[in-house]
Amino acid sequence: MNIPENCRYMDTHEWIRLEGDEAHVGITDFAQGELGDVVYVELPEIEHTLEAGDEAGMIDSAKTTSPIAAPVTGRVVRINEKLADHPELVNQSPYEEGWLYVLEPENPKDINNLLDAAAYRKHVEEGGH
Amino acid sequence: MSLKRTALYDYHSENNARIIEFAGYEMPVWYTSLNHEHKKVRTSAGVFDLSHMGELLFRGPEALDRLQWLTSNNAAKLKVGQAQYTLITNENGGIRDDVIVYHTEEEEYMMVVNAANADKIKAHVTEQFSADVFEDRSDEITLVALQGPLAAEILGNLIPDDLSEYRMFAVFQTSIDNFPLTIARTGYTGEDGFELFVENKDAEALWDAVLSAGGEDVVPVGLGARDTLRLEVCYSLYGNEIGEDSNPFAARVGWVVKFKKPDYLGKEALMRMKKEPMEQQLAGLEVDPGPVPRHGLKVFREGAEVGIVTSGCLSPMSGKRIALAYLPSELKEIGTELEVEQRGRMSRAVTVEIPFYKRPE
Chain Z
24 MNIPENCRYM
34 DTHEWIRLEG
44 DEAHVGITDF
54 AQGELGDVVY
64 VELPEIEHTL
74 EAGDEAGMID
84 SAKTTSPIAA
94 PVTGRVVRIN
104 EKLADHPELV
114 NQSPYEEGWL
124 YVLEPENPKD
134 INNLLDAAAY
144 RKHVEEGGH
Chain C
103 MSLKRTALYD
113 YHSENNARII
123 EFAGYEMPVW
133 YTSLNHEHKK
143 VRTSAGVFDL
153 SHMGELLFRG
163 PEALDRLQWL
173 TSNNAAKLKV
183 GQAQYTLITN
193 ENGGIRDDVI
203 VYHTEEEEYM
213 MVVNAANADK
223 IKAHVTEQFS
233 ADVFEDRSDE
243 ITLVALQGPL
253 AAEILGNLIP
263 DDLSEYRMFA
273 VFQTSIDNFP
283 LTIARTGYTG
293 EDGFELFVEN
303 KDAEALWDAV
313 LSAGGEDVVP
323 VGLGARDTLR
333 LEVCYSLYGN
343 EIGEDSNPFA
353 ARVGWVVKFK
363 KPDYLGKEAL
373 MRMKKEPMEQ
383 QLAGLEVDPG
393 PVPRHGLKVF
403 REGAEVGIVT
413 SGCLSPMSGK
423 RIALAYLPSE
433 LKEIGTELEV
443 EQRGRMSRAV
453 TVEIPFYKRP
463 E
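Taken in order, these protein sequences are the chains called Z and C. According to the working numbering, the first sequence is numbered sequentially starting from 24. According to the working numbering, the second sequence is numbered sequentially starting from 103.
Source of the hints: derived by calculation from the structure; they are not laboratory data. From the three backbone atoms N, C-alpha and C, an ideal C-beta is built for every residue, glycine too. Worth double-checking, as some hints may not be accurate.
[Unchecked claim] Computed list of chain Z residues with no C-beta within reach of chain C, every gap over 12 Å:
1. 64
2. 65
3. 120
[What the hints assert, rightly or not] Examples of chain C residues toward chain Z, derived with CB under 8 Å:
4. 121
5. 132
6. 135
7. 222
8. 235
9. 278
10. 282
11. 284
12. 332
13. 397
14. 398
15. 402
16. 419
17. 460
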């Protein structure tokens, strides 16, 4: 199970990684494994401000539809355009090429309130629910 | 309540299948990838553990009469060695379960019921005859399906029988090595294929024999692809397209509702239903690119709600978003423009011919 140290996590299996003023957001390796083949990703609108916990979009796998939540409050500055033609990137590379969108957090320190890698790993090992 | 496991659970677990709860069982939903498994069944072969399904044996001189009372198809048409798809109907003509009845021996029939309905059907049968008139073999029988264009070739290497003698819906007994099995040329994928019934103690030997006979031509397939395979060919799923309140004629299963047979539960209601115009009927939709249509979504026509999606998926074969939906009969015509509401947004949809997938000639 790949759980990078440089990300923070939600218990609903989204990750966020702060770089400067911007943060990439995606779903975890565990989440992509649970979903199976990702066939479509609906992403938030650019310039839209999401509140922490808001539904930011959703992911269709071959089997099911799952909402994705915003880890912190912030403005959407970019989305991963590649996913339109290659949603499978979410399965193949959940932390790198399969990122979903970039947020400009209102308060970057909010990210520290999320689970760190060790806490998230524990959450997953306990079943992830 | 603790979940049940099939005799093949260890295989699933050791081979990293993703396990889900289904009808009280821990079942594999996929092993590697739903899409990969789906395509393998369409182009080569796949093997499924379906041991969660229920097997009820009806035996003795009254077995046929009892099945005739319980089911809508004409079980008297079955010769030994034949099977039929049929409905267990309720007094209102709705569907208590859809099942296959196999005439395995003189005065012996095996009924395979949906796992989620097994307890309901057992109670229903006992109530209808005020007695235990069947033997429940569900916990002792392993059901393995081998499906796909290469299924006959693979199975043919395992058994002494000439499979060309057995057409669709044939059932016969044979053996592999030294264990006996019942084979039926039935399935739920739209492909040629077989369903193999063995005692649990022979489950692993059967599974291994099929996998090794198939080699690279066969992969284990989970319940995920089983659902998308059946949806492409528009086979009904109980709880989605059909249920206690369904009209079998509207649900496209009216072809197994027969009237030239003795009285049965629901017959009168069904005769009335057949004469009355149907308010809604099952139709096929193709939805524009965007979210994938799913069970329970509402269907609109020019802003007015007109129907509901019963099942939907991204077809692994066509790459299109396909769905079955109940629609007013007048909107069933091919090419009708509709919308499906997904997360508060409308996606354009159009009615199309079904089944969505046809096997190449």
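ask   = Was the hint right that residue 282 of chain C lines chain Z, CB cutoff 8 Å?
value = 36 Å, violated
key: Supplied contact hint for residue 121 of chain C, tested at 8 Å Cβ to chain Z   = 11 Å, violated
message = Hint residue 402 of chain C vs chain Z: min CB-CB distance below 8 Å?
response = 19 Å, violated
query = Once the shortest beta carbon distance from residue 222 of chain C to chain Z is found, is it less than 8 Å?
reply = Since chain Z brings no Cβ nearer than about 25 Å to residue 222 of chain C, farther than 8 Å, the hint is violated.
message = For the restraint on residue 235 of chain C, tell me whether the closest CB of chain Z is nearer than 8 Å.
response = At about 38 Å, which exceeds the 8 Å cut-off, the nearest Cβ of chain Z leaves the hint on residue 235 of chain C violated.
key: residue 397 of chain C as an interface hint toward chain Z, with CB separation required under 8 Å   = 10 Å, violated
query = Once the shortest beta carbon distance from residue 332 of chain C to chain Z is found, is it less than 8 Å?
reply = At 14 Å from the nearest chain Z Cβ, residue 332 of chain C fails the 8 Å test, so the hint is violated.
key: Restraint outcome when residue 460 of chain C is required to lie within 8 Å of chain Z by C-beta distance   = Nearest chain Z Cβ about 21 Å off; hint violated.
ask   = So is residue 64 of chain Z really clear of chain C, every C-beta pair being over 12 Å apart?
value = 10 Å, violated
message = Holds or violated: the hint that residue 278 of chain C contacts chain Z, with Cβ atoms closer than 8 Å.
response = Violated, because the Cβ-Cβ distance from residue 278 of chain C to chain Z comes to roughly 32 Å (cut-off 8 Å).
task = With chain Z as the partner, please determine if residue 419 of chain C meets the hint condition of a C-beta pair closer than 8 Å.
result = Residue 419 of chain C check fails; min Cβ-Cβ to chain Z is 12 Å, beyond 8 Å.
Consistency of the no-contact label for residue 120 of chain Z, given chain C and a CB cut of 12 Å = 18 Å, holds
The structure is inconsistent with the numbered hints 1, 2, 4, 7, 8, 9, 10, 11, 12, 13, 14, 15, 16, 17, although it conforms to all the rest.
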